[in-house]
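There are 2 protein chains.
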Amino acid sequence: MLGLMQDHPLLISSLIDFAQRHHADGEIVSRRVEGDIHRYTWGDVAKRARQVANALDGLNLAFSDRVATLAWNGYRHLEIYFGASGSGRVLHTLNPRLHPDQVVWIANHAEDQVLCFDMSFLPIVQAVHSRCPTIKTYVALCDADKLPTDSGIPHLLSYEAWIGKQPSTYVWPTFDENSASSMCYTSGTTGNPKAALYSHRSTLLHAYAAALPDVMCISARDAILPVVPMFHVNAWGIPYSAALTGAKLVFPGGAMDGKSIYELIEAEGVTYSAGVPTVWQMMLTHMKTNNLKFGTMTRTVIGGSACPPAMIRAFNDDYGVEVLHAWGMTEMSPLGTLCTLKNKQLKLPPDAQMQIRLKQGRAIFGVDMKIVDEAGNELPWDGKTYGDLLVKGPWVLGAYFKGEGGDPLVNGWFPTGDVATIDADGFMQITDRSKDVIKSGGEWISSIDIENIAMAHPAVMMAACIGMPHPKWDERPIVAVVKRPDMAVSRDELLQFFEGKTAKWQIPDDVVFVDAIPLGATGKMQKMKLREELKNYQLPSL
Amino acid sequence: MLGLMQDHPLLISSLIDFAQRHHADGEIVSRRVEGDIHRYTWGDVAKRARQVANALDGLNLAFSDRVATLAWNGYRHLEIYFGASGSGRVLHTLNPRLHPDQVVWIANHAEDQVLCFDMSFLPIVQAVHSRCPTIKTYVALCDADKLPTDSGIPHLLSYEAWIGKQPSTYVWPTFDENSASSMCYTSGTTGNPKAALYSHRSTLLHAYAAALPDVMCISARDAILPVVPMFHVNAWGIPYSAALTGAKLVFPGGAMDGKSIYELIEAEGVTYSAGVPTVWQMMLTHMKTNNLKFGTMTRTVIGGSACPPAMIRAFNDDYGVEVLHAWGMTEMSPLGTLCTLKNKQLKLPPDAQMQIRLKQGRAIFGVDMKIVDEAGNELPWDGKTYGDLLVKGPWVLGAYFKGEGGDPLVNGWFPTGDVATIDADGFMQITDRSKDVIKSGGEWISSIDIENIAMAHPAVMMAACIGMPHPKWDERPIVAVVKRPDMAVSRDELLQFFEGKTAKWQIPDDVVFVDAIPLGATGKMQKMKLREELKNYQLPSL
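Just so you know, the protein sequences line up as chains W and P, in that order.
Counted from 1, the first sequence has number 94 at position 94 by the numbering used here; the numbering is strictly sequential.
Counted from 1, the second sequence has number 681 at position 139 by the numbering used here; the numbering is strictly sequential.
The hints are simulated quantities; they were obtained by calculation from the structure and are not laboratory data.
All clues stand as given, with none of them false.
To give an idea of the chain P side of the interface with chain W (calculated C-beta under 10 Å), a few residues: (1) Q548; (2) S744; (3) A765; (4) N885; (5) K886; (6) R904; (7) K934; (8) G945.
Using N, Cα and C, we set each Cβ at its ideal position, and we do this for glycine too.
Chain W extracted, bound-state conformation (with noise of 0.2 Å):
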């Protein structure tokens, strides 16, 4: 017997329509490429975004054609979010941080129909246009005066000059809420790029879910800034989970710098922030060398890649600002942990919740999880047993696009490629990656453990640690190490920093200097490039 409730599918225009009916004052402020500051609210978004829907009918596109972006977090981007999407497109947030052979590749196997692009990124349109031959509108993000008459590309629009003439009302369609509704590829370290292509359900579930109060904690009272970009993994979902609550969104273009993300909190009363650890690096370094504090900020998500536990002390002790460490990937769209502490762990001493708040955290309810070991078995969750983490429910991919990669499931679980730990109370924490975990003598060594205790020392600005050959060991560890300007370390000096650390077995054979570690599109450490540039080093053992 079925239920008698009504039957409404969970679509992509709801989240619009209820944020310009409940909230349409509700402001959105975006420091533009341009950069000025702009500023108008969920009603003008809803407004535009039925302009975008209507100017995308204009151009014949089919429901599912894949609308492309290359562009910054801002305003133009959110309104592309709401009228692809709503209108039975296919969003596509193509990474511009990519080489063009990539961004190339990429359009062509999504079969991108139109590219909508920030000016700051013509020359990679320029780059890319010749040969991408599905995309046939190509849409700047400027005003018709702003619209370069020797761009070379062919019949070029401005976006305001298109959607200008086009009117707001549309009424969205109504069509089955499994139909996709995004994608984004994966940064591919291996093998070509693979995307993950979500659905209309798939993304309310996971805006209903981020906005908890034990996840991101998104409500009407919030003025949230993504430094997260939009073009990874949806902002994780903060675009869809604001119009779910009404929040005020605070877009920073591309000045993705400590001092202008610092200035733009401040102005605009922002209370909540998500982004990864790099970026927060360079902030924590302007407001030190400044000594500045925060005015309304209470919390930020840090997530992508294991926060150091330097960055949370920072954050929490020197700036009143708690720290929540997430996790989750392209394919979860993208969160699957958070770190937020249980009723009983509020009495515990500052130092225990500081052990907590170090892991990556607890499964967001859609989300389960397990470890296994190499044989598939299920490892207990005693907070020491390590094995490969999968995970499953309805946001966590269940096929690559076009099936690429054929079925990456395991019994319906998705294996994430991380390595890690559960505890007792459900907290999961990343030893590492699958193909970072460091092998020496049969016993297992965390890259992330290491390099933890080398961002600890305060001369070091950015450490990897990599497993090198070893004939005895099968590897040893060394760790590569950014360090500080004006700061001195030497190799003996650090290296004793870790006595006492960690066990003697799993401290570094050397320490390598350099000038920088390589980060990929997205901000994280690319190990292998990494390798690759130490491919010559021989350890001081050998």
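Since the structure of chain W is already known, use the hints to place chain P on it.
Only chain P this time, still in chain W's reference frame:
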């Protein structure tokens, strides 16, 4: 094109699985009918819910067969919630405050197969069982040695013996998320009661939404005491949202007096509670009389009927508890709106904030609402214009069980029977029930407004405003008042109290002092009954 995320139906069994896996030691504390305090964990609930499922399988119940309960808020009731719905049966929470004849009518209409009841409701079961032919199995929620031998109920089982012999392993079945999960009959002031039939999907979407920061704001750090009964629209969904977040639950059992509730709140570190105004009135009276304060309570949701402003003020000013005004219906699972402030309203002075808090609040994402005139035209959101309130959404009723009452929807919208205003910020305020509004000289007078003024008088414990027929004005309002013990107020003093607080023509024509105002099974005032009691009353002006 469909998205490629995993396909998992939204099922109630996944809630209890989640609570067990991630919050196994989370506490559930119950004051039992036996009088003592019972204490165990979410892990135990899950284990025993599986025993319930096995026990139901042992009765050869079919999918969707109804499992009825007559029970207070307690741990065994919680186990049946998950055991019945999780195994594919429909949980039917009977209201023990109904007359036995009504219980018989409802049990037969629902075709209940099993009835589980608290021992305090044995007299009801004894009064009804011979007239409930569909009920094959009666289960008393008690230990085997507490089972009465002379109950007169054939084959009466003790719950503990019944589930005790069952294995605690059970694989929850997977099925269509639109399947019926539970049902609740409306109090039915006119005609026969009608049932809302909830689905697993509607229940889970409601559970996500109810836990949001702008709604009940439920996290793993909360200890929740639902004063609202589990037989009243599933305790407003709290059992489900608690499982979804791992919150601690504290159940008051049958001890619903002010003293017992207060003591449990203090003993168990309750942070959050929810209930109808009448219960809170008793608790506040107890606290005031004994000069008591709260230790851990931070907020309470008040709904079920409009909350008197004096109560909101008392909670906030005297006890530091934030009152969140809520509105919903059995037909809405039940939550529709909740009154939490927006960002811009936080800067308003306390008085202006209070004016907002008196409203029933903003729509939760998932519920859309509108007000219409008698011709069905949508009315403006100006905070003044009032009209019939209509709602729609995935947890709003589409049809009543067995099609009773025909198609209740008007162009896809459910008419709530409430009259309301909505302001420009989307805050809805109930002006009255459509049937209670007083029509005087072509204008409408809100009976609730009049009651709120009367309730603000220190000598008034309860007030009910009803319209009396008048040859010239059509109707004129009078107010029936229950005085506080040991306090005095005269008719003329009370009428004078209205001066300046409302328009002259809205001031009641008369005050009638009564010993009690008839309350329905859910604690709401029964004005139809009051009108019957006052049928020989004559207006002073006639």
